[in-house]
Amino acid sequence: MASFSVEDRKRPGPDRRSIEVSKVSREALEDQVFTEYFPKSAIDIFVEVLQADAGTRTAAINAASVALADAGIPMRSLVSACAVGKVDDTLVLDLNKDEDNYGQADMPIAMTPDGKITLLQMDGHLTKEEFKQGLEMAQEGCRQVYEMQRKALIDYYSKKTEVLATEATATKDVKEDAPEEPEDVTPVEVTENTEDTEKIDDTNETEDSEKTEDTVKTDDVEESEDSGEDVPYIDEIADETDGQMDESEEESFNE
Amino acid sequence: MNKEIVSIIQKDQLYNLMLKGERADGRAFDEIREIKIETGVIAKAEGSARVEIGDTKIIAGVKISPGTPFPDTPDVGVIITSLELIPLASPEFESGPPRENAVELARVTDRGIRESGAIDLKKLCIIEGEKVWMIFIDIHVLDDGGNIMDAAALGSIAALLTATIPAERYELGEDAPLPIRDIPVSVTAVDIGGGIVFDPSLQEERVANTKLTVISNQEGALAGMQKSGSGSLSTDQINHIVEVACKKAQDLREKFLEI
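Chains as they are written, first to last, in my numbering: chain A, 1 to 255; chain B, 1 to 259.
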């Protein structure tokens, strides 16, 4: 959590709350990731809360789930999260800060589209009936979030493939290939992906060990020179690593 | 967090028993192990309790002293709960700052007491914005036989029930018991291969991948809940756990109130 994300400045670094939120968020996602495809490796998910207005863990899970999909990490399904709470004896969906502070209960849940609940926490006061009703409301909320997550991914990748498709027809002028190519892009191969994640980790590490950015750049060049067939995918990596580098640049300035 | 490796044979055995509707220690699925609660075990503490659930042993101590309230809540007392998984309790525990697991257990215990309104914190205000009573609940896990969660929750409320505010020592009036108005009780269940068992033993806890803790209050309403572990639960399973947990909590409370 950023120190400026809350009313009274938070001391930087993880506190007990962050530790717990990280634990439950990880557990909410873990079951849906095919971790067995990645023996002896770790998938790091970093979530930075920039402004906290209640519902940070649900937002974090929603974002992390889409980010995992974007990274091409194979998953059983997306995970969607939403909170239900009680304010003034009324059950409401997705509390904001004031509702959370002055409300009577808060219950974040996360679930998969097929109704498996992967996160469930509750504090405050709910009767059993309210709990049952709240659980249904939250599930409905999760369904709505799921649609948004799905749409975000579809929109992003269909835009991407559109651009690629036009590029492909312009340069190669092959009729058959163009419509097929988009489909190649979405189901990304696992091996490539591990490389991808490693690459990102690498950049972080290089930053830590104070190596120059040039090393990172060479990596990048190697990547793009890799070869022709999967051009769309490599472009993507290049984009991502570029973004990563900008960030690391900024950070090193701050230091 | 590394779970201790459970041998595949042991895991199979538990699953198979499960399918037959049995548990390794012969308990019914919703049967809780024998519970022993002893209070006032530490004279130096303002309140204390030793709780045993089967092989699990914990000790909870309450210290109370005046302190500064949080700026956003100037007129209410403070509760700080921490939990130590001390190395002698299990080969898995190591010394050092609390890890994820300990933090989670402490925070859920804390929520159960704070959010349920078990203590009337407004009555712990001495001078608004300046001085309030701070309650420190420290739970030491002495032996991990599974289901530390319920033992911790039980121990902390038992310790609080016997605690006195040491006002005389600080020349702030007369000693008084804590303003307790509710008794939250936590009941935990795990999912093993689709079967729900309550009060899991260490072995069961290790085999299961999902755990749900339900904290309920005197009216049978819910005061806190926490799903833990990487698995998932269906709505029906959750409703079942909530239903049974509230009932079990009521039984425990009756036993408890006799203290």
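In short, the hints are calculated from the structure, not lab data.
Note that the Cβ used here is the ideal one computed from N, Cα and C, for glycine as well.
It is possible that part of the hints are untrue.
The following label-pair restraints were derived from C-beta to C-beta distances [stated by the list, open to error]:
| hint | chain 1 | residue 1 | chain 2 | residue 2 | range |
| --- | --- | --- | --- | --- | --- |
| 1 | A | Lys151 | B | Glu38 | 38 to 46 Å |
| 2 | B | Ser234 | A | Ala71 | 24 to 32 Å |
| 3 | B | Phe70 | A | Val163 | 49 to 57 Å |
| 4 | B | Leu88 | A | Ala42 | 24 to 32 Å |
| 5 | B | Ile80 | A | Thr35 | 29 to 37 Å |
| 6 | A | Phe38 | B | Glu22 | 46 to 54 Å |
| 7 | B | Ser90 | A | Glu162 | 50 to 58 Å |
| 8 | A | Glu129 | B | Ala24 | 18 to 26 Å |
Take the C-beta atom of Ser234(B) and the C-beta atom of Ala71(A), compute their distance, and say whether it sits inside 24 to 32 Å. holds, 28 Å
Do Glu129(A) and Ala24(B) keep their Cβ atoms within the hinted range of 18 to 26 Å? violated, 36 Å
Using the C-beta atoms of Ser90(B) and Glu162(A), is the stated range 50 to 58 Å upheld? holds, 56 Å
Okay, Leu88(B) versus Ala42(A) on CB: inside 24 to 32 Å? Because 30 Å falls inside the window, the suggested range holds.
Quick check on a hinted range of 49 to 57 Å for Phe70(B) and Val163(A), using CB atoms only. holds, 52 Å
Honestly, do Ile80(B) and Thr35(A) meet the 29 to 37 Å range at C-beta? holds, 36 Å
Could you tell me whether the CB distance from Lys151(A) to Glu38(B) stays inside 38 to 46 Å? violated, 58 Å
Please test the hint of 46 to 54 Å on the beta carbon pair from Phe38(A) and Glu22(B). Roughly 36 Å apart at Cβ, these two residues miss the hinted range, so it is violated.
Of the numbered hints stated above, those contradicted by the structure are hints 1, 6 and 8, listed in ascending order.
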